[in-house]
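J.: Numbering-wise (our numbering), the sequence shown opens with residue 294 and increments by one.
If you're looking for bench data, these hints aren't it; they were derived computationally from the structure.
Here a beta-carbon is modelled for each residue, glycine too, at the ideal position from N, C-alpha and C.
Be a bit skeptical, because a hint or two may be false.
Simulated crosslink set (DSS-like; lysine-lysine; CA at most 30 Å straight-line) [what the hints assert, rightly or not]:
1) Lys408 x Lys476
2) Lys434 x Lys330
3) Lys408 x Lys434
4) Lys295 x Lys434
5) Lys295 x Lys373
6) Lys373 x Lys304
7) Lys373 x Lys330
8) Lys295 x Lys476
9) Lys330 x Lys350
10) Lys373 x Lys434
11) Lys295 x Lys330
12) Lys408 x Lys330
13) Lys304 x Lys350
14) Lys476 x Lys434
15) Lys304 x Lys408
16) Lys408 x Lys373
Taking CB as the label site, the calculated pair distances span [what the hints assert, rightly or not]:
17) Gln499 x Asn316: 25 to 35 Å
18) Leu424 x Asp401: 14 to 24 Å
19) Ser465 x Gln510: 41 to 51 Å
20) Phe351 x Lys408: 18 to 28 Å
21) Pro355 x His410: 30 to 40 Å
22) Gln510 x Asp319: 37 to 47 Å
23) Ser465 x Trp495: 33 to 43 Å
24) Val508 x Asp401: 16 to 26 Å
25) Ser440 x Gln510: 17 to 27 Å
26) Gln499 x Phe327: 49 to 59 Å
27) Asn419 x Gln499: 31 to 41 Å
28) Pro429 x Gln510: 38 to 48 Å
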Amino acid sequence: MKRGVGLRIVKDIHAVRSVEVVNLLDRMYEAGGFMAKSLSEVARIVVAMSRDSRCTKFLSFPAAPVATGLRGVLVEMVNKGLVDVIVTTCGTLDHDVARTYAAYYHGDFQMDDRKLHREGYHRLGNLLLPLDNYGPLIERKVQPFLSRLYSGGGRSLSSRELCRELGEVLDSNDSLLCAASRKNVPVFVPGIMDGAVGSQLWLFAQQHRDFRIDVIQDQNDLSDL
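Use the sequences and the hints to build the structure in full.
T.: And the structure:
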């Protein structure tokens, strides 16, 4: 059964400067109240950070935005030099790899998970992920990648080094890891084992006992920034 027939594909947002958006944020600041003012304040902080050459700009986020069109906004931030360092979760790697090669689809929070399972879908909030577009796909892409690294002498890698190498392999304008690799923005994943890519690292290490992920090196790199 072909998955995704009749469903809308999740598409990345590509930011475009708009006077209307700037004016709206300014009005939100004046209006005050709840999150409207906070959103405007965040925009002002980002602008101030981008203009301060002494500021090292960290961007930290969980995996969920990368499963959605917000991945495009994150990619644009990296490409425009608004980010110096990324700290994220293993799920970011999972979704970036999966969405580079396959599609996610629009769903609904109220969908019947048992029915979705029978039809071959994972549900992530109100997104639908065909089973073959996630775990099996990540295994097909990550295992050969790790084999090539190992054959080239890679025995002990920090999460930063792993993300850089993976970004080079993905080689897609839509990929966050690829954008970070091209712009030399380090990506740190403190919980590197907590995800599908982490599971692939563990599986690979079962057959290659001298293969290691060096989180101490990550800490050294972070302290040097």
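J.: Which of the stated hints cannot be reconciled with the structure, identified by number in ascending sequence?
T.: 1, 2, 5, 8, 11, 12, 16, 17, 19, 20, 21, 23, 24 and 28
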